[in-house]
Amino acid sequence: MTAKILLTSFDTWLPHQKSNSSDDLLAKISQIKSLPDSLTFLRKLPVDFQLAPNLAIAKINQLQPDTIICCGMAESRQKLTIESCACCDRDIRQTSVNLEPLVADLAATEISHEAGKFVCEALYYAVLKHLADSQLSTKCIFVHVPILTEENADQIVADFLLILTRLP
Numbered sequence: 044m045t046a047k048i049l050l051t052s053f054d055t056w057l058p059h060q061k062s063n064s065s066d067d068l069l070a071k072i073s074q075i076k077s078l079p080d081s082l083t084f085l086r087k088l089p090v091d092f093q094l095a096p097n098l099a100i101a102k103i104n105q106l107q108p109d110t111i112i113c114c115g116m117a118e119s120r121q122k123l124t125i126e127s128c129a130c131c132d133r134d135i136r137q138t139s140v141n142l143e144p145l146v147a148d149l150a151a152t153e154i155s156h157e158a159g160k161f162v163c164e165a166l167y168y169a170v171l172k173h174l175a176d177s178q179l180s181t182k183c184i185f186v187h188v189p190i191l192t193e194e195n196a197d198q199i200v201a202d203f204l205l206i207l208t209r210l211p
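Per the working numbering, residue 44 is the first one in the sequence shown, and the count goes up by one each step.
It is possible that some hints are incorrect.
[What the hints assert, rightly or not] The list that follows gives simulated cross-link-like pairs (lysine-lysine, DSBU-like), each with its CA atoms no further than 30 Å apart:
(1) K172 / K160
(2) K122 / K76
(3) K71 / K61
(4) K71 / K87
(5) K172 / K76
(6) K182 / K47
[Claimed, not checked] Cβ pair distances, simulated, as ranges:
(7) D148 / K71: 19 to 27 Å
(8) R133 / K71: 36 to 44 Å
(9) N97 / D134: 15 to 23 Å
(10) H156 / R209: 18 to 26 Å
(11) L204 / H156: 19 to 27 Å
(12) E143 / K71: 35 to 43 Å
(13) S77 / R133: 38 to 46 Å
(14) N104 / D148: 34 to 42 Å
(15) E193 / I75: 16 to 24 Å
These are computed hints drawn from the structure, not numbers from a lab.
Ideal Cβ placement from N, Cα and C applies to all residues, glycine included.
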């Protein structure tokens with residue numbers, strides 16, 4: 044049985060942004076014909092602290108995926124960064140995924156322990172809390188995506204594809 048994977052991305056939120064790198068990455072991934080049909084894309088979530096988590100959780104409840112990879116843009120970062128946790132006030136939610144083997148030998152990926160204090164972290168926290176509260180064994184990670192350029196795009200896509208194959 045093939046694992047069902049939900050992939051999410053965000054829309055832009057600032058006037059200077061022509062696109063959101065998280066959605067640029069998922070657009071590239073969606074064009075790869077050899078990937079399994081078990082991928083579901085929830086693209087261009089609004090950059091809204093309540094709406095984005097509500098839409099994602101509704102999709103999770105409908106789809107009941109085995110794995111969730113939420114993606115967000117990190118304009119100031121140079122590598123893909125997988126977030127180990129998300130915070131809301133004093134509550135910290137850790138991913139259940141063992142991140143060390145997930146990123147082992149990946150050239151353009153590292154682990155981060157700071158999810159950004161913005162809508163990305165709010166989404167990640169809400170999804171992790173929903174999974175825990177619902178006692179679901181669904182795996183969930185959040186991946187921050189740097190701005191994609193001609194120089195880094197191939198390596199970022201290659202790393203992301205390896206993450207996709209290592210997770211389920």
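For each hint, the structure was consulted:
{"no.": "1", "hint": "K172 / K160", "in the structure": "16 Å, holds"}
{"no.": "2", "hint": "K122 / K76", "in the structure": "25 Å, holds"}
{"no.": "3", "hint": "K71 / K61", "in the structure": "16 Å, holds"}
{"no.": "4", "hint": "K71 / K87", "in the structure": "14 Å, holds"}
{"no.": "5", "hint": "K172 / K76", "in the structure": "33 Å, violated"}
{"no.": "6", "hint": "K182 / K47", "in the structure": "11 Å, holds"}
{"no.": "7", "hint": "D148 / K71: 19 to 27 Å", "in the structure": "21 Å, holds"}
{"no.": "8", "hint": "R133 / K71: 36 to 44 Å", "in the structure": "38 Å, holds"}
{"no.": "9", "hint": "N97 / D134: 15 to 23 Å", "in the structure": "19 Å, holds"}
{"no.": "10", "hint": "H156 / R209: 18 to 26 Å", "in the structure": "20 Å, holds"}
{"no.": "11", "hint": "L204 / H156: 19 to 27 Å", "in the structure": "24 Å, holds"}
{"no.": "12", "hint": "E143 / K71: 35 to 43 Å", "in the structure": "26 Å, violated"}
{"no.": "13", "hint": "S77 / R133: 38 to 46 Å", "in the structure": "44 Å, holds"}
{"no.": "14", "hint": "N104 / D148: 34 to 42 Å", "in the structure": "35 Å, holds"}
{"no.": "15", "hint": "E193 / I75: 16 to 24 Å", "in the structure": "18 Å, holds"}
Against the hints set out earlier in the document, violations occur for numbers 5, 12.
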